[in-house]
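Put the two chains together into one complex, using the hints given.
Chains as they are written, first to last, in our numbering: chain A, -9 to 338; chain B, 1318 to 1853.
Hints may be right or wrong, so weigh each one.
Claimed, not checked - Only some residues are given here: those of chain B computed to face chain A with a beta carbon under 8 Å:
#	residue
1	Tyr1424
2	Ile1572
3	Leu1651
4	Leu1653
5	Leu1654
6	Arg1675
7	Gln1682
8	Ser1690
9	Ser1691
10	Ser1693
11	Pro1694
12	Arg1695
13	Val1708
14	Arg1759
15	Val1763
As the list claims (entries may be wrong) - Distance windows between CB atoms, simulated:
#	chain 1	residue 1	chain 2	residue 2	range
16	A	Phe175	B	Pro1604	40 to 48 Å
17	A	Ile315	B	Phe1689	39 to 47 Å
18	B	Pro1602	A	Arg224	56 to 64 Å
19	A	Gly166	B	Gln1564	55 to 63 Å
20	B	Gly1596	A	Lys167	26 to 34 Å
21	B	Arg1569	A	Leu242	36 to 44 Å
22	B	Arg1791	A	Pro0	28 to 36 Å
23	A	Val148	B	Gln1673	36 to 44 Å
Just so you know, these hints were derived from the structure itself, not from any lab.
Backbone N, C-alpha and C fix where the C-beta goes; we use that ideal spot for every residue, glycine too.
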Amino acid sequence: MTSAVPTVSPSPGRRAWRRFKRNRLGFWSLVLFSVLVALSLFAEVLSTDKPLVVRYEGTTYFPVLRDYSEKTFGGDFETPADYLDPFIRKRITQGGNWAVYAPNPYGPKTLNYFASSPNPAPPSRENFFGSDDRGRDLLAQLIYGFRVSVLFALALTVIGVVLGVITGAIQGFFGGKTDLAFQRFIEIWGSMPELYLLIIFSAIFAPSVALLLVLLSLFGWMGLSDYVRAEFLRNRQMDYVRAARALGVSNLQIMWRHILPNSMTPVVTFLPFRMSAAILALTSLDFLGLGVPPGTPSLGELLSQGKANIDAWWISLSTFAVLVITLMLLTFMGDALRDALDPRKTDT
Amino acid sequence: MTAPLLDVQGLRVAFGGKEVVHGIDFHIGAGEKLALVGESGSGKTVTALSLLRLVQNAQVQGSARFAGAAGGERDLLALSEHALRGIRGKEIAMIFQEPMTALNALYSVGDQIAEVLELHEGLSKRDAQAAAVQLLADTGITEPERRARAFPHQLSGGQRQRAMIAMALACKPRLLLADEPTTALDVTVRAQILDLLSALQQKHGMAVLLITHDLNLVRRFADRVAVMESGHIVEQGPVGGVFGAPQHAYTRRLIDSRPTRDVVPPPTTDAPPVLAAQGLRVTYPVPRPGIAGWFRSGAFVAVQGADFRIAPGETLGVVGESGSGKSTLALATLGLLRHDGALEVGGQRWGAGSTQDRTLRRTMQVVFQDPFSSLSPRMTVEQIVGEGLTVHSPELDRAARRERVLAALADVGLGEAQFPALLDRYPHEFSGGQRQRLAIARALIVDPSLLVLDEPTSALDVTIQKQVLGLLQRLQRERGLSYLLITHDIEVIAAIAHQVIVMKDGAILEHGPVEQVLEAPEHPYTRKLVAATVAG
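Chain B extracted, bound-state conformation (with noise of 0.2 Å):
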């Protein structure tokens, strides 16, 4: 074996005397791609910026040799930082996760392009604009020469990408780390977007190091993998002997953790539905420009003609990528807007009066996707709770309320053997799973018969993801419960899902039996993701 183009060697990072990285050793040969496997916290990107040295306050020790093209090899950890700069975009490059924030919204895509050819090739304007078209061309945009000159909102987020992948490419670096480059994108985008990253590396034949927490996009990727848990690589080696036969209990538990299906079928009853849709449409008023913009404002729709219905006991996902009107048709069906068509919960409709819209919240609730944003900051859990009671049962006491607090905790599996003193705690002593438990049980502590899903588990690690989905797999077994479940996530609509909408665009492309949809998928959007999902 040659010697490799980068090795780590004890990399330990601490901040303010804590320390994250507890001495990891890896090393990434000339054109391999190595991913580094973890969930949040796990070290990963820490380990990846401090490479850079682009962490601050960070103490780093260890040593990561580093085999320049300039001759000899050099420690990354102990070159000045002004022979670091040289290294940073030249000969190791670098792609984050959210391109909107890593492109600099007031220059255009080129102009920023072409500034690094300028630094580090030292071209000329001219010939910089010329190189970072012909850059932009490579990764597969459109127009290149088009949107070499659009500034960084005015491109999509996959375009985004690009961008930055011509970006980080412009000097041909020998090494590429890439931070999670495709979680911020859309599914069927994230497949492009992996095949680009491979076919560009194999023409330059530089070498990948690929941080992310989506075990699929390893698989169809790299070459070796590093799983990293709190601070430490637990397993390192060729993909397929770590998948194959993965040695350490976390790296079993992270393969394990795929969403496995575990739902009974809806019991068939003649009961009415709980939530029945006609011709749902859902407008947003939009400015008109010019002086017609005083007087009348435009409307973009953002759910045309939604049908659907949901029998007690059943789940409906939705599913689609952003800006799909997932969301809104969720909001839409919570009566939180305005939207036209008939709406029925349970045979009522909205906007029938305070007290029967009051009557209809009981019977659905909603779960949030942010479990930070979704939970008051100021409020204790019992607060949070609890809530729903006083609303809807003004007459239980406080003795009575806290009784009702706990068994809606203990039914999420949260108990004061746990947290002692649970009801008093603040949402910022929990987890992300926890708090994901805390929202289902301030929605289901007024006994709903509909729980609104919005995306429920896409912010929470892939370990957590099992578990929450677990959980509501058990609740609507022991409870009856309908789910109207929004997602962008094949994976969990085939985990959790008995019908499945696939929405674009704010029309419904397909509507079935979630094995009809996912097997045999009649539009060819659907193929499309879910392609993308069993592939990438």
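Same shape as in the complex, but just chain A (with noise of 0.2 Å):
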């Protein structure tokens, strides 16, 4: 591509952008996660105890979307089918007949009643992970488990940010006496029990993955507002503010357009660091107990089940794999980014 204007160098934000891409394990995480996370939100079609499409004496169907009763398939009952049922199974895949599974044949919450082995039982063709101690295939609790965990972080990774981002902007553009205000809440805030009060909260309330999320967040704003906060006071003594004062621009253009561009450094080289902060804090609870319902896919349900179940080893290895594996990139990508928001380092 020829550029029209070659002599122009990039924004900032490109520039950054450039840096990290030359950080290859940095850059090289983050397209692996990116293609996990994107795997992970088709888990519906790659993991599922449903067969992607039946044809079945001429007729299509489609189990994924919707739902047929076995007579539908020359059974006996109304109830829905059970396509691990080899009876079923041997319907609709004999003579013309055929079915198309999904890669791995099990939802988060299968059962297979047609298990050849005792629960849990260890990796064979039948379960690629083996299944837990409930019957439940393992790689499909893991492929669920980690979609739950990351995009529970990302929803507090963002409730975190866009909170911290506002307090801390308020507390440093204002300074002062509403400075010393909301410092001093934090710090009261900041001192309570945050464990005993979701331990209180999930005795009360029906525990819940949204339920989570709003206890976590309320605690989860104030280490990023600490950086916001230093990072406005440090900005709106620039030249460029007064100068844009001096103009009569708004306070609130002001924080928006000049202060805010210029502070999100610390913001952003946390992100990373603030998601894998937060799917350990998930998996923590869960494995206390305290976190999702009970039948949620989750990682530290499963880690608190490897515990209870030391001779399957391929339940911890597996799930401890997944999540040292997630932690990793998260904690590239932060390195990486890192780097490249460093003001010191240069294109060279």
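Right under this line is the structure:
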């Protein structure tokens, strides 16, 4: 491509992105992590106990999208078909009929009543990663658990960043008494026993992912707001802010257009680390049984199963591997981001 | 001629393959004062630092033969790190521009000087302390014994630089490298430090390599001068010869860069003044010690009762040293600081209401000293310059705004011909002088009648300084602008101001037409200030 304006150098953000790309470890971590997250978003197709397409006696069915009764495929009951049932499986694959199963033919809650070995079962052709102590497929658990963890962490990070930036910006920009009042509030708020509150609330309310998100968000913004406050305190003294004031630009505009873009470095740098911290928080709460409601696939719950069934090594080992890889990818990305945003680094 | 003390041949310095000093030759005789002159980026500091191999990650080539006291000539660039450490501080000492960062904040000044003596001269602790006090006394510091126990932050800038000099001279070096030793100091202190250096140089018979951008300093201090431009020495010789009959075009330009006066007297009209202040007073709250500080804070008076008026087309220069309250005065007139007293901009007062304030902002704009911090690094030229229009002329659409931005940029001498896609560029692509032009364009776009210039040229190189001053003079002629010019530099005042205010410690000492104040100053402080500039 020939550019019409060859001499213009890119914006600071674009240059940071270039530096980030030059860090191969960080860049490929980002690629791999994105692919994993994207795949996990399609978990309903990749790992489900229902066949994707069934061709049965001249008619095409999509069990993934709709429920069909057993009778549809020549069974005896009106109940939804269990496609792991050898009888049904035989009916829909015999003769001219055919069925396309998902790559991993189990959902997160699927109990295989026709398993050939007792639970928890070691890895086999039936369950690639083995099954847990309730007979659920471990690979399906890991895929859905990973997705819950990442989406939860993403939501928690976004909420934390928004709250942290807003409170930090207000403290840093206005300073003085506003800052003083906010700082005292943060000190009081930060000294509340977070874990006890979680235990108390999980006793009062029905545990759910949303409740957990709210509770963790209430405490998650404080660390970031300190950094943003410091950046705002520094940047509001800069001459370009004074010049904007002299131009008559409103406070909100000064914060939004002038100070915020110049204060985002700590925010962006901490994003991956905050995400890995959020994943760890959810995992440990689940491990303690204070996290997501029972039945929700979760890495922490799998870890506690691994602890309970220490001889079923495949449970703890594979969960551990998923956690380590996820957190490592995030850490590599964070390191690369920190280097890319370091103002002392040049492009050469 | 005897063999020189230091003979540098073919010195080349490169950083990561990029050469910044391209093979320079110079020599310093024993007891000689050589000045290395150049603008920022010419490689003069790197040259001095690389003589002691103090630059990190640099590839240094060439030779620097030094006739040390220990007998025999040695090539500084080929010595082992260990041998060089014996020379650093003992035979070749160095003083830096910013004494605050060059001194360790956690040790008292006396301890730091004594440390050098213990290290190089092997003195006992007690003797070293006594010698340190004596050295401080030699530099003319008052109460040397008390100062020796002081920490760097407890001393003034001039005292710190004296302490640095005392430390550098502790081992009676044969060569002193002085890197911009007076740049961070106020003008009146500059002259004192320079005199001190001269006196000590004669007393000890040491050679001095003075690195500076200030030609006045060279004239006053050096025997010989070497002019550096982008890594080359373009001319060297005795000071009188080089300044009297410069050979190289760059030297001529440098000597020629004294700002010239090219202003028209303000038109005599009956129009009301653009700015009038009566008893303008600014105070800062300062915390009080003890329990009393919980309930009340004390007040530091930064500006005490200033009276002045600026007529249309007139420049009022405010001159003073650091801490004199001149920048505070500028911020207060801009309505950015809480102030007492009457301050009227075009007959209106600040704080009457947000709508009135906004119209006032339009009549009054500001240009700051540091062109690097005054432009947001994450905004494009179009966003920076066009911001005033989005506030004051929101009715303009994007195309009309662009047109006005380009016109304002053309006014300050920045065009698309020079910089393709000028509007989409970010500040980091521009040099200091160009950034200052951007800042002026940002101020001009709302068509103000008064510009507050807060040290508009002091962060710039001398040749650029002249250009920017020329631009300001032209803009005043063309647009009839009024300026409130804040500066520490008498030369700038002489070049551009009509009226002058001299400030010290928040008070106005003298106020009058520029000719009168500069040529027949009444206040002793003004006399001192003017004398320091003319001489130093």
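Verification of the hints:
1. Taking 8 Å as the C-beta contact cut-off toward chain A, the hint placing B/Tyr1424 at the interface is violated, the least distance being around 27 Å.
2. The interface hint given for B/Ile1572 is violated, since its Cβ lies 32 Å from the closest Cβ of chain A, which is over the 8 Å cut-off.
3. Interface restraint check for B/Leu1651: the shortest CB-CB distance to chain A comes to about 5 Å, inside 8 Å, so the restraint holds.
4. Below 8 Å, beta-carbon pairs count as interface contacts, and B/Leu1653 has one with chain A at about 6 Å; its hint therefore holds.
5. For B/Leu1654, the suggested interface contact is broken, since its CB lies about 10 Å from the closest CB of chain A, more than 8 Å.
6. Interface hint status for B/Arg1675: upheld, as the beta-carbon distance to the closest one in chain A is roughly 5 Å, under 8 Å.
7. Nearest Cβ of chain A to the Cβ of B/Gln1682: about 6 Å, under the 8 Å cut. The hint holds.
8. Interface hint at B/Ser1690: satisfied, since its Cβ lies 5 Å from the closest Cβ of chain A, which is below the 8 Å cut-off.
9. With its C-beta approaching chain A no nearer than about 4 Å, B/Ser1691 sits inside the 8 Å limit, and its interface hint holds.
10. Residue-level restraint check for B/Ser1693 holds (minimum Cβ-Cβ distance to chain A is 4 Å; threshold 8 Å).
11. Checking B/Pro1694 against chain A: minimum C-beta separation of about 6 Å stays under 8 Å; hint holds.
12. Hint status for B/Arg1695: holds, given a least beta-carbon distance of 4 Å to chain A, under 8 Å.
13. Using the Cβ-Cβ criterion of 8 Å, the hint placing B/Val1708 at the interface with chain A is satisfied: the shortest such distance is roughly 5 Å.
14. Interface hint at B/Arg1759: satisfied, since its Cβ lies 7 Å from the closest Cβ of chain A, which is below the 8 Å cut-off.
15. With 8 Å as the threshold, the beta carbon of B/Val1763 comes within range of chain A, its nearest partner Cβ sitting at about 7 Å, so the hint holds.
16. Separated by about 22 Å at the C-beta atoms, A/Phe175 and B/Pro1604 break the suggested range of 40 to 48 Å.
17. Range check, A/Ile315 to B/Phe1689: Cβ separation about 43 Å, and the 39 to 47 Å hint holds.
18. Judged by the Cβ atoms, the range 56 to 64 Å given for B/Pro1602 and A/Arg224 is violated: they are separated by roughly 21 Å.
19. At roughly 60 Å, the beta-carbon separation of A/Gly166 and B/Gln1564 lies within the given 55 to 63 Å, and the hint holds.
20. Between B/Gly1596 and A/Lys167 the C-beta distance comes to about 29 Å, which sits within the given range of 26 to 34 Å.
21. Here the CB-CB span from B/Arg1569 to A/Leu242 is close to 53 Å, at odds with the stated 36 to 44 Å.
22. The hinted range of 28 to 36 Å is satisfied by B/Arg1791 and A/Pro0, whose Cβ atoms lie roughly 34 Å apart.
23. In this structure, A/Val148 and B/Gln1673 meet the distance hint of 36 to 44 Å, their C-beta atoms being roughly 41 Å apart.
Consistency note: the structure conflicts with the earlier hints numbered 1, 2, 5, 16, 18 and 21.
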